[in-house]
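Trainee: Sequence lines, in order, name chains A and B.
Sequential numbering of the first sequence, starting at 674, is according to this note's numbering.
Sequential numbering of the second sequence, starting at 369, is according to this note's numbering.
Treat the hints as calculated values from the structure; they're not laboratory data.
Virtual Cβ for every residue (Gly too), placed ideally from N, Cα, C.
Errors might be hidden in some of the hints.
Claimed, not checked - List time: in silico SDA-like cross-link candidates among lysine to any residue, alpha-carbon distance up to 20 Å:
no., chain 1, residue 1, chain 2, residue 2
1, B, K431, A, Y719
2, A, K717, B, T458
3, B, K431, B, R460
4, A, K767, A, A749
5, A, K717, B, E489
6, A, K735, B, V439
Said to hold, decoys possible - Stretch by stretch, here's where chain A covers chain B in the computed footprint (C-beta under 8 Å, at least three residues):
no., region
7, 471-477
8, 480-490
What the hints assert, rightly or not - Quick partial rundown of chain B residues pointing at chain A, CB under 8 Å, derived from the structure:
no., residue
9, T428
10, L432
11, T458
12, I459
13, R460
14, L462
15, L464
16, R465
17, L467
18, Y468
19, R493
20, C497
21, S499
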Amino acid sequence: MSVDLGRYFLPYSIKDRIGHEYVSVSGSEFWVLSLLFERKVDDKRYLYLQPFNRLLPEASPKELRLDFSAVSGPVATSCTPDAYAVELAYEFYKRNPLPYPVEPYNYHYLLGLPTATCLQTGPKSLRW
Amino acid sequence: MKHPSFAAILAHVTAFLKGIGIPGSTLLILVVQTFVIWRQAQIMGTQTSLMQRDADISETQQKLADRPIIVTGIVERRLLQETISEACATIRDLRLRVLYFKKVVALGWQDSISGEATIAELWTRGTSCQSIWAGIFSPIR
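Isolated chain B (complex conformation) (with noise of 0.2 Å):
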């Protein structure tokens, strides 16, 4: 069975509406509104999905730049504290490890390195860690 087509269609509806009253003029108007209604729809769709992208890169942006803040510093003798406080990003798997490095004469430059210690999985807002160094201020004697 062929489908009728658009022309015909429009030819049918402009008959039945003079017939009824409505000249053709307005309902070409009615159909230039309709379409252009059904546009704007489309457009502010397609804003909306730009806006919502745009929104998802500045958070993203504001995550890369809020970068961790790691303060170190000796709190006694023996004491090693570092924080971490971080703004947006999350950190993960948080290892410490200590490089020790020494001069010794006629020998040079020696070394005592740690093995990596696991400091946290999850490292949250604010939150602190003090690392003792007892035993191994000098890991070289």
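Chain A on its own, in the form it takes in the complex (with noise of 0.2 Å):
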């Protein structure tokens, strides 16, 4: 079974007054997959999030697991490639709600965050 995504998008073009492309973060490309199912002994929907990221353009994307993540660093700003990821997602759907009753799968402590961490004390490069 496969599905072709193409058509799903939006394609978005921007670009400056001259038409140049503007300059994107070194490392600031991530896709989040989201999932949503229903399971059929609890009738509930889950949400689960799979993040995705790209340090150079011409990679393929890379599978974020913080079981394969290493960080160092100050604490108050430590944060791993995947916390990013999800965050940006957490705040896409904080804008638009699903419009039934989800329960995440995984991430469960996006539900407790009044915003997103990550985006607010991570390194500059990341920040809002």
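Assembly of the complex is requested from the two constituent chains, each provided in isolation within its own frame, with the hints serving as guidance.
Mentor: See the structure below:
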């Protein structure tokens, strides 16, 4: 079974006044796969998020997993790349809520966050 | 017409049994035994019902504990695969959406969010799905 996602996107082009592309911040390209499903056993809907990241424009996206991530630095600013990705997804769903109740399948902590933490306190290049 | 009381019936039955040579104490024992057997049958029925309920609860708990396993990964440069293998619980109405985020210098975070693609109405055990990303790998250009 396969699905072509091409037709589900609205292409978005951003160029400056003289037609040049804006420079993107290195390592700030994230994909978040959002899977919605319903379980028959408890009749609930679940939301599963799987983040991906691409460090270089010519590279393939890599799956972001906390168990494969390593970080060092002050605790107050320490965030793994998947935290940025799911916080961005959370911000989207906060502004565009789903029309039915959904239980997070993973990243449950996002529900308790008043705002996206890593995007506030992370490295300047990845902040809002 | 007035119905005879239990005591009156018992007195008549006792008199009848005495007449044919069975003493009252034997009758009393028989009555008590019958009552005990009836009560035991009732308790066994209740126990069976409770055991059935326990089995139902265990089955539901097992289904709840058997959360589906979702495996995602890049297969090729323009192909992304996600597989959901489930143990007991049946999954319905599986939908996929891709959220793309990129930070641009001087403009901040930009996004391109796809619509929801229905993958399967009913997702059976071990089924896998390949999502083709051709053309939308970088939705923001």
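Trainee: Enumerate the violated hints, using their earlier numbering and listing them in ascending order.
Mentor: As far as the earlier hints go, 4 and 19 are violated by this structure, in ascending order.
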